[in-house]
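Chemist: Each chain, written out:
Number of protein chains: 2
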Amino acid sequence: MTGAANTNGIDDGLGTLQTPCLLLDRRKLAANLAGMQTQVSRHGVAFRPHLKTAKSIDVARMAMTSPSGPATVSTLKEAEYFAERGVTDLTYAVGIAPNKLDRVGEIRRRWKADLAVVLDSLVQAEAVAAWSRASGDRLPVFIEVDPDGHRSGVKPGNAELLRGIGERLAQGATLRGVLLHAGESYGLSDPEALAQAAEGERKAALQAAETLRAAGFECPVVSVGSTPTARHARHLDGITEVRAGVYMFGDLVQAGIGSCAVEDICVSVLATVIGHQPEKGWIITDAGWMAMSRDRGTASQAVDQGYGIVCDRLGHAYADVIVAQANQEHGVLAVRKGSSAALPDLPVGSLVRILPNHACATAAQYDRYHVIDGEGCASTVWERINGW
Amino acid sequence: MTGAANTNGIDDGLGTLQTPCLLLDRRKLAANLAGMQTQVSRHGVAFRPHLKTAKSIDVARMAMTSPSGPATVSTLKEAEYFAERGVTDLTYAVGIAPNKLDRVGEIRRRWKADLAVVLDSLVQAEAVAAWSRASGDRLPVFIEVDPDGHRSGVKPGNAELLRGIGERLAQGATLRGVLLHAGESYGLSDPEALAQAAEGERKAALQAAETLRAAGFECPVVSVGSTPTARHARHLDGITEVRAGVYMFGDLVQAGIGSCAVEDICVSVLATVIGHQPEKGWIITDAGWMAMSRDRGTASQAVDQGYGIVCDRLGHAYADVIVAQANQEHGVLAVRKGSSAALPDLPVGSLVRILPNHACATAAQYDRYHVIDGEGCASTVWERINGW
Numbered sequence: 001m002t003g004a005a006n007t008n009g010i011d012d013g014l015g016t017l018q019t020p021c022l023l024l025d026r027r028k029l030a031a032n033l034a035g036m037q038t039q040v041s042r043h044g045v046a047f048r049p050h051l052k053t054a055k056s057i058d059v060a061r062m063a064m065t066s067p068s069g070p071a072t073v074s075t076l077k078e079a080e081y082f083a084e085r086g087v088t089d090l091t092y093a094v095g096i097a098p099n100k101l102d103r104v105g106e107i108r109r110r111w112k113a114d115l116a117v118v119l120d121s122l123v124q125a126e127a128v129a130a131w132s133r134a135s136g137d138r139l140p141v142f143i144e145v146d147p148d149g150h151r152s153g154v155k156p157g158n159a160e161l162l163r164g165i166g167e168r169l170a171q172g173a174t175l176r177g178v179l180l181h182a183g184e185s186y187g188l189s190d191p192e193a194l195a196q197a198a199e200g201e202r203k204a205a206l207q208a209a210e211t212l213r214a215a216g217f218e219c220p221v222v223s224v225g226s227t228p229t230a231r232h233a234r235h236l237d238g239i240t241e242v243r244a245g246v247y248m249f250g251d252l253v254q255a256g257i258g259s260c261a262v263e264d265i266c267v268s269v270l271a272t273v274i275g276h277q278p279e280k281g282w283i284i285t286d287a288g289w290m291a292m293s294r295d296r297g298t299a300s301q302a303v304d305q306g307y308g309i310v311c312d313r314l315g316h317a318y319a320d321v322i323v324a325q326a327n328q329e330h331g332v333l334a335v336r337k338g339s340s341a342a343l344p345d346l347p348v349g350s351l352v353r354i355l356p357n358h359a360c361a362t363a364a365q366y367d368r369y370h371v372i373d374g375e376g377c378a379s380t381v382w383e384r385i386n387g388w
Numbered sequence: 001m002t003g004a005a006n007t008n009g010i011d012d013g014l015g016t017l018q019t020p021c022l023l024l025d026r027r028k029l030a031a032n033l034a035g036m037q038t039q040v041s042r043h044g045v046a047f048r049p050h051l052k053t054a055k056s057i058d059v060a061r062m063a064m065t066s067p068s069g070p071a072t073v074s075t076l077k078e079a080e081y082f083a084e085r086g087v088t089d090l091t092y093a094v095g096i097a098p099n100k101l102d103r104v105g106e107i108r109r110r111w112k113a114d115l116a117v118v119l120d121s122l123v124q125a126e127a128v129a130a131w132s133r134a135s136g137d138r139l140p141v142f143i144e145v146d147p148d149g150h151r152s153g154v155k156p157g158n159a160e161l162l163r164g165i166g167e168r169l170a171q172g173a174t175l176r177g178v179l180l181h182a183g184e185s186y187g188l189s190d191p192e193a194l195a196q197a198a199e200g201e202r203k204a205a206l207q208a209a210e211t212l213r214a215a216g217f218e219c220p221v222v223s224v225g226s227t228p229t230a231r232h233a234r235h236l237d238g239i240t241e242v243r244a245g246v247y248m249f250g251d252l253v254q255a256g257i258g259s260c261a262v263e264d265i266c267v268s269v270l271a272t273v274i275g276h277q278p279e280k281g282w283i284i285t286d287a288g289w290m291a292m293s294r295d296r297g298t299a300s301q302a303v304d305q306g307y308g309i310v311c312d313r314l315g316h317a318y319a320d321v322i323v324a325q326a327n328q329e330h331g332v333l334a335v336r337k338g339s340s341a342a343l344p345d346l347p348v349g350s351l352v353r354i355l356p357n358h359a360c361a362t363a364a365q366y367d368r369y370h371v372i373d374g375e376g377c378a379s380t381v382w383e384r385i386n387g388w
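Order-wise, the sequence lines are chains A and B. Residue 34 in UniProt numbering sits at position 34 of the first sequence, and the numbers go up by one each step. Residue 157 in UniProt numbering sits at position 157 of the second sequence, and the numbers go up by one each step.
None of these hints come from the bench; they were simulated from the model. Please read these numbers as outputs of a predicted model, since none were measured by experiment. Incorrect hints may appear among the rest.
[What the hints assert, rightly or not] Derived pair list, reagent style DSBU-like, types lysine-lysine, alpha-carbon separation capped at 35 angstroms:
| no. | chain 1 | residue 1 | chain 2 | residue 2 |
| --- | --- | --- | --- | --- |
| 1 | B | 280 | B | 203 |
| 2 | A | 280 | A | 77 |
| 3 | B | 203 | A | 337 |
| 4 | B | 77 | B | 112 |
| 5 | B | 77 | B | 100 |
| 6 | A | 280 | B | 100 |
| 7 | B | 337 | A | 203 |
| 8 | A | 77 | B | 100 |
| 9 | A | 337 | B | 280 |
| 10 | A | 155 | B | 280 |
| 11 | B | 77 | A | 280 |
| 12 | B | 280 | A | 77 |
| 13 | A | 280 | A | 337 |
| 14 | B | 100 | B | 155 |
| 15 | B | 100 | B | 112 |
| 16 | B | 203 | B | 155 |
| 17 | A | 280 | B | 280 |
| 18 | A | 77 | A | 155 |
| 19 | B | 203 | A | 155 |
| 20 | B | 203 | B | 100 |
| 21 | B | 155 | A | 337 |
| 22 | A | 77 | A | 112 |
| 23 | B | 112 | A | 337 |
| 24 | A | 280 | A | 203 |
| 25 | B | 203 | B | 77 |
| 26 | B | 155 | B | 112 |
| 27 | A | 280 | B | 155 |
| 28 | A | 77 | B | 203 |
| 29 | B | 280 | A | 203 |
| 30 | A | 112 | A | 155 |
| 31 | B | 155 | B | 77 |
[As the list claims (entries may be wrong)] Quick list of the computed label-pair ranges, beta carbon to beta carbon:
| no. | chain 1 | residue 1 | chain 2 | residue 2 | range |
| --- | --- | --- | --- | --- | --- |
| 32 | A | 85 | B | 193 | 51 to 61 angstroms |
| 33 | A | 27 | B | 193 | 46 to 56 angstroms |
| 34 | A | 46 | B | 77 | 53 to 63 angstroms |
Yeah, the Cβ is synthetic: ideal placement off N, Cα and C, and Gly gets one too.
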């Protein structure tokens with residue numbers, strides 16, 4: 001398994017990479033993208049992929065329905081990066097802070113980007129309207145609505161607050177619509193419960209939109225989304241667009257929810273075996289938590305995957321072998337507790353691939369993807385960004 | 001609390017920063033460095049600070065006993081970064097993989113760096129000796145010894161393996177000494193238990209060094225270290241150098257162990273309030289897990305700090321307010337469960353500082369430090385590196 005060639009005797013290009021590094025299987029990525037596009041298009045709604053997982057223009061161009069978007073971002077640094085590369089139809093889907101409005105304005109001006117912001121309070125609406133009046137740039141705004149108590153957003157039944165925000169926005173800004181994220185769906189795994197979460201998200205969106213429209217506000221866009229609810233929605237009547245992000249890559253948390261199969265996960269960390277502790281049943285690699293991220297999202301699921309599932313160099317999972325522990329630059333591979341599976345024979349220098357718990361968190365530890373095609377050759381590097 | 005000025009009416013420079021960002025309090029850093037240097041020098045041993053936490057030449061120059069080192073690194077990218085900046089006395093303290101030897105050799109050649117590697121197996125020793133013969137560069141090597149079953153290393157009583165590695169290294173490479181890391185100490189908190197862990201680390205080091213010396217191998221360096229054991233060692237007779245890293249910054253995990261006080265922690269994440277869910281007792285900020293890292297190291301300690309302790313803009317902790325939950329770009333501030341403390345009044349736009357669970361993991365989410373002096377002005381930026 002060591003050296004330049006894999007077990008098939010074919011040079012897969014992996015032997016020359018410095019580990020740990022992040023592999024991206026382009027064929028699996030394309031299949032994941034096509035799968036979600038099929039799911040969303042059967043509902044007859046627009047699709048605004050969330051670029052927070054990939055943070056890569058190359059992945060974005062494969063995922064978006066046009067080179068200019070639509071797309072969703074989670075930071076203004078993403079907005080800058082993508083706008084500079086021609087993605088100009090953008091929603092920044094994290095509640096806007098007044099001290100970020102100048103930066104939003106600069107992105108809109110410099111790259112002629114239609115960058116919309118999100119808010120859920122009177123004070124934000126006043127700040128955005130005041131900024132719009134002062135700058136002469138009527139900012140497009142979504143009111144965030146909370147479908148499930150997960151995080152931010154106006155309660156869909158809080159008509160007074162919805163109308164109050166609408167009134168304040170009307171003093172200079174543009175109300176573009178309502179935006180929801182059914183974040184509680186990440187804690188589910190039953191398909192029926194997920195379909196109900198999607199329906200709850202849809203109904204909350206319509207309730208808020210109808211409240212605004214009844215008060216005389218235009219509310220052209222009704223935007224919902226999370227990877228689990230986008231997958232499990234039975235219908236999306238009244239919704240105009242869907243957002244989702246982690247579906248692009250998939251990960252073990254999504255597999256635990258039932259939003260993808262383990263075989264669909266298209267990102268993996270390439271690691272090198274650097275030692276053994278035979279009496280403990282441990283194989284030590286150079287991919288510790290810095291390479292995997294500290295995400296332990298599967299710890300609260302039915303199957304705890306440690307810091308990730310261990311696959312051979314070709315990407316095929318070893319039965320019941322996981323990254324059982326991790327230090328900063330050391331990963332400890334071991335057979336899952338309670339399993340009678342054998343630890344594979346992996347001498348020092350062997351390459352393994354590790355499937356991550358959480359694609360967003362793991363990918364954020366890297367500044368590039370090494371792109372592979374199925375089991376084939378790694379030859380292409382795609383940049384990605386991090387930070388704010 | 002919003003805008004350019006803090007509550008004292010003084011412009012602290014924080015109002016112009018884009019959040020989330022990482023603050024580094026230079027005065028606290030200097031005190032942490034001086035404290036450890038005092039602890040180590042009372043034992044009369046050399047100090048080789050570990051640069052894996054800071055990954056910054058500016059911090060390194062404050063921490064090292066000379067501009068060229070000694071220092072420890074956890075990745076070859078750190079070795080390259082520091083060697084290029086004049087730090088040439090380096091130990092790469094993660095087990096060496098044969099496919100990394102050419103990169104090690106290039107760092108040694110290009111920057112005339114005395115970069116040593118670490119290993120714990122016959123196969124690695126053979127590979128290093130063979131590489132040394134082929135390249136004409138006698139690599140300096142530490143045999144890693146395992147004092148406490150934490151991770152890697154030869155058992156200190158395994159004389160046969162120690163001698164076998166020594167013999168193989170003698171075929172081209174240079175045995176520089178033994179290196180230990182009492183990683184289990186991170187799970188302790190009782191000072192007596194920590195002193196015992198330090199003594200166990202010391203005894204294991206001497207046992208291995210004496211085995212090698214009795215077999216005729218020179219073993220000039222006996223290197224031990226972890227922040228908890230470096231702090232709690234009662235004496236270090238026979239040890240020649242100590243390594244430690246996270247002590248520079250401190251963090252909530254170290255405070256939980258008793259290796260620092262919460263007030264000593266010199267890194268914090270500056271965040272902006274972006275919303276509220278009053279009926280839940282939540283304040284939402286723009287510092288989610290991407291800004292804090294996914295590290296939940298205090299979850300297994302006596303006091304679970306969530307994703308971090310919340311402080312005001314000046315760095316003073318609010319009583320019992322923690323980051324109770326985090327999504328990718330959202331942090332949820334709340335009063336700790338069971339506490340009757342009041343949630344502070346923090347309108348949208350307020351700045352808060354958050355003390356991290358794990359300085360290494362949190363700092364790795366950033367490419368720079370914004371340096372502050374006590375409560376004073378943030379004016380200096382120090383770069384840091386990430387990745388491999």
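Chemist: Checking one constraint from the list: CA of residue 280 of chain A to CA of residue 77 of chain A, max 35 angstroms. Satisfied?
Modeler: 45 angstroms, violated
Chemist: Within 35 angstroms, alpha carbon to alpha carbon, are residue 100 of chain B and residue 155 of chain B?
Modeler: 25 angstroms, holds
Chemist: Please verify whether residue 155 of chain B and residue 112 of chain B have alpha carbons no more than 35 angstroms apart.
Modeler: It holds: about 33 angstroms lies between the C-alpha atoms, which stays within 35 angstroms.
Chemist: With a cut-off of 35 angstroms on the C-alpha distance, tell me whether residue 203 of chain B and residue 155 of chain B pass.
Modeler: With a Cα-Cα distance of about 12 angstroms, the restraint between residue 203 of chain B and residue 155 of chain B holds, given a limit of 35 angstroms.
Chemist: Measure nothing beyond the straight line between the CA atoms of residue 337 of chain A and residue 280 of chain B; if it is 35 angstroms or shorter, mark the hint as holding.
Modeler: 38 angstroms, violated
Chemist: Is the straight-line distance between the alpha-carbon of residue 77 of chain A and that of residue 203 of chain B 35 angstroms or less?
Modeler: With Cα atoms ~51 angstroms apart, residue 77 of chain A and residue 203 of chain B exceed 35 angstroms; violated.
Chemist: Do the alpha carbons of residue 280 of chain A and residue 280 of chain B lie within 35 angstroms of each other, as the hint requires?
Modeler: 46 angstroms, violated
Chemist: Between residue 77 of chain A and residue 100 of chain B, is the straight-line Cα distance small enough, at 35 angstroms or below?
Modeler: Holds, at roughly 34 angstroms.
Chemist: Taking only the CA atoms, is the gap from residue 155 of chain A to residue 280 of chain B under or equal to 35 angstroms?
Modeler: Satisfied, since the Cα-Cα distance of roughly 12 angstroms is no more than 35 angstroms.
Chemist: Starting from residue 112 of chain A, check that the Cα of residue 155 of chain A is at most 35 angstroms away, please.
Modeler: Status holds; Cα separation ~33 angstroms.
Chemist: Taking 35 angstroms as the top limit, are the C-alpha atoms of residue 155 of chain B and residue 337 of chain A close enough?
Modeler: Within the cut-off at roughly 24 angstroms; holds.
Chemist: Residue 280 of chain B and residue 203 of chain A were given as a pair; does the straight-line alpha-carbon distance stay at or below 35 angstroms?
Modeler: With Cα atoms ~22 angstroms apart, residue 280 of chain B and residue 203 of chain A stay inside 35 angstroms; holds.
The structure fails to meet hints 1, 2, 9, 17, 19, 23, 24, 28 and 34 from the earlier list, while all remaining hints are met.
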